[in-house]
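A.B. asks: One letter stands for each residue in the lines below.
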Amino acid sequence: MKYGYFPGCSLLSSAVEYDRSARGVLGAVGVELEEIDDWVCCGATAAHATSPLLSAALPAISCAAAEKQGLDVLTCCAACYSRLKQTNQEVKDDPELQKQISEIIEEPYQGNVRVLHITEVLAREISPEAIKAAVKKPLKGLKVACYYGCLMARMPEALCVDKAEYPVLVDDLIRAVGAEPLDWPYKTECCGAALTLARQKTVIRLSGEIVQIAKQNGADVLAVSCPLCQANLDMYQSEAEKLLGEQLSVPVLYFTQLMALAMGLPAAELCLDKVIVDPMPLLSEKGFISGGVYL
Amino acid sequence: MRWELADKALRSDFRRRVEELSGQNLGDCYQCGKCTGGCPVLADIELSPNRIIRMIQLGLEEDVLTNESVWCCTACGTCNGRCPMGINIVHILDTVRLLSQQSKYRPGALEVLTFYQAFLNCIRHFGRLNEIGLMGSYNINSGRLLTNMVKAPWFFMKGKISLSPHKIRRIERLERVFARIEEIEGK
Chain F
1 MKYGYFPGCS
11 LLSSAVEYDR
21 SARGVLGAVG
31 VELEEIDDWV
41 CCGATAAHAT
51 SPLLSAALPA
61 ISCAAAEKQG
71 LDVLTCCAAC
81 YSRLKQTNQE
91 VKDDPELQKQ
101 ISEIIEEPYQ
111 GNVRVLHITE
121 VLAREISPEA
131 IKAAVKKPLK
141 GLKVACYYGC
151 LMARMPEALC
161 VDKAEYPVLV
171 DDLIRAVGAE
181 PLDWPYKTEC
191 CGAALTLARQ
201 KTVIRLSGEI
211 VQIAKQNGAD
221 VLAVSCPLCQ
231 ANLDMYQSEA
241 EKLLGEQLSV
251 PVLYFTQLMA
261 LAMGLPAAEL
271 CLDKVIVDPM
281 PLLSEKGFIS
291 GGVYL
Chain W
1 MRWELADKAL
11 RSDFRRRVEE
21 LSGQNLGDCY
31 QCGKCTGGCP
41 VLADIELSPN
51 RIIRMIQLGL
61 EEDVLTNESV
71 WCCTACGTCN
81 GRCPMGINIV
91 HILDTVRLLS
101 QQSKYRPGAL
111 EVLTFYQAFL
121 NCIRHFGRLN
131 EIGLMGSYNI
141 NSGRLLTNMV
151 KAPWFFMKGK
161 ISLSPHKIRR
171 IERLERVFAR
181 IEEIEGK
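Note that the protein sequences, when read in sequence, are chains F and W.
Heads up: the first sequence begins at 1 in the numbering used here, then just goes up one per residue.
Heads up: the second sequence begins at 1 in the numbering used here, then just goes up one per residue.
One should not assume that every hint holds.
To be verified - DEER-style ranges, computed between Cβ atoms: (1) 20/W <-> 35/F: 36 to 42 Å; (2) 156/F <-> 169/W: 30 to 36 Å; (3) 268/F <-> 13/W: 44 to 50 Å; (4) 167/W <-> 163/F: 47 to 53 Å; (5) 20/W <-> 38/F: 31 to 37 Å; (6) 30/W <-> 183/F: 31 to 37 Å.
Derived from the structure by calculation, the hints contain no laboratory data.
C-beta atoms are modelled at their ideal positions from N, C-alpha and C, and glycine is treated no differently.
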């Protein structure tokens with residue numbers, strides 16, 4: 001199986017651990033990736049909050065390239081996924097927009113690519129058996145709060161691949177590698193997203209509350225699938241602790257890191273040292289790693 | 001809070017412009033307030049989503065376009081998901097933000113707009129975002145020089161901030177795309 005890979009900007013820098021673990025996990029279950037030629041940033045919130053046309057043109061450039069390569073698009077970042085998928089649909093449905101966008105990006109583009117998120121590919125296109133077969137040491141006894149955030153779940157209804165208010169795709173994947181996904185109420189609460197520099201107080205309050213509720217529900221670790229959620233939930237825990245007056249220290253890992261751990265992939269693909277709240281003490285206590293050396 | 005419903009407001013075409021640009025029918029809103037009930041930033045804003053819609057219905061252009069609340073939206077989409085009439089409220093707020101940049105009024109939360117502009121400038125120059133360039137540009141332009149500087153060294157050490165920005169090949173085409181859109185949207 002081969003997909004056109006759209007890494008997105010975060011996965012080249014602040015979310016490099018998502019990129020490496022995702023490539024590792026996809027490789028382990030036989031998915032082949034070909035990077036979309038000369039892809040461009042999706043524009044994220046900055047584009048659609050300030051310019052509706054730019055918010056369609058930027059994703060269209062990358063989708064048009066994928067259309068040319070004849071590949072379905074696979075992306076890991078929730079924001080890229082949301083922008084690419086919605087733009088693709090809007091262009092497909094609206095001939096006038098199609099004409100305008102094609103003209104602006106100087107490229108024919110029909111809106112005919114399929115845009116898939118990595119969770120969708122792993123949970124729907126790959127058989128659960130293939131994942132189970134790749135697991136070398138199940139994460140028995142690890143309680144995981146799967147956190148989806150906004151962009152994964154809250155697409156226009158027709159584009160939604162999971163339940164909007166209570167998504168389950170990541171839970172299924174976490175269960176497939178032997179860990180225990182928790183039933184908890186903050187799966188799709190907002191972390192504060194792009195306000196992270198301009199409105200820090202809002203972000204600390206929202207992110208802190210999500211980590212707090214996860215902890216109250218017995219989570220050992222939070223599993224995320226969006227680079228911005230990871231950054232907000234992980235980076236601001238010390239500030240949130242001050243605000244809430246209680247200790248949090250819940251590691252925030254990408255779900256692909258947990259899958260890679262269960263599949264026994266090498267440390268370079270796990271990148272467990274690249275998050276702020278150190279997961280090592282927890283993971284060695286549970287017996288998944290020993291003294292910083294991967295078993 | 002009270003707003004003066006002047007004759008001018010009632011006769012303004014503000015509502016029509018928002019409806020046209022966003023493709024949403026504001027008459028669909030019957031003020032049930034479900035959007036506001038789910039809004040994550042409600043504690044930090046003056047105008048709740050349903051209030052903003054009511055004000056647009058009433059033509060209160062200046063009050064809406066200059067209020068900082070419209071810039072505190074994280075675009076999480078909870079309001080969209082819960083609106084019983086299927087109104088795309090995020091789209092309405094996107095439209096309000098666009099109008100606020102085009103208008104003669106001063107946008108209500110300049111630091112948020114500054115952040116978005118720094119983000120888009122970075123993409124215009126490189127085709128992809130590089131976080132160090134974004135933070136630098138935002139901190140200088142907003143005058144908040146120390147924002148997140150405490151965390152920056154950690155990101156460097158972990159190899160999570162790349163010092164050499166990735167640049168796409170067809171950067172001239174991208175420049176033409178940006179310029180053309182600026183021309184169309186009249187900014």
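A.B. asks: Taking the hints in turn, state whether each one holds.
C.D. replies: Right, here's what the structure says about each hint:
Between residue 20/W and residue 35/F the Cβ separation comes to about 39 Å, which falls inside the hinted range of 36 to 42 Å. Under the hint 30 to 36 Å, the C-beta atoms of residue 156/F and residue 169/W, about 33 Å apart, fit the expected range. Residue 268/F and residue 13/W have their C-beta atoms about 60 Å apart, which leaves the hinted 44 to 50 Å range violated. Distance hint for residue 167/W and residue 163/F: a CB-CB separation of about 40 Å, inconsistent with the stated range 47 to 53 Å.
Here the CB-CB span from residue 20/W to residue 38/F is close to 35 Å, well matched to the stated 31 to 37 Å. Taking 31 to 37 Å as the suggested C-beta distance range, the pair residue 30/W and residue 183/F conforms, at roughly 34 Å.
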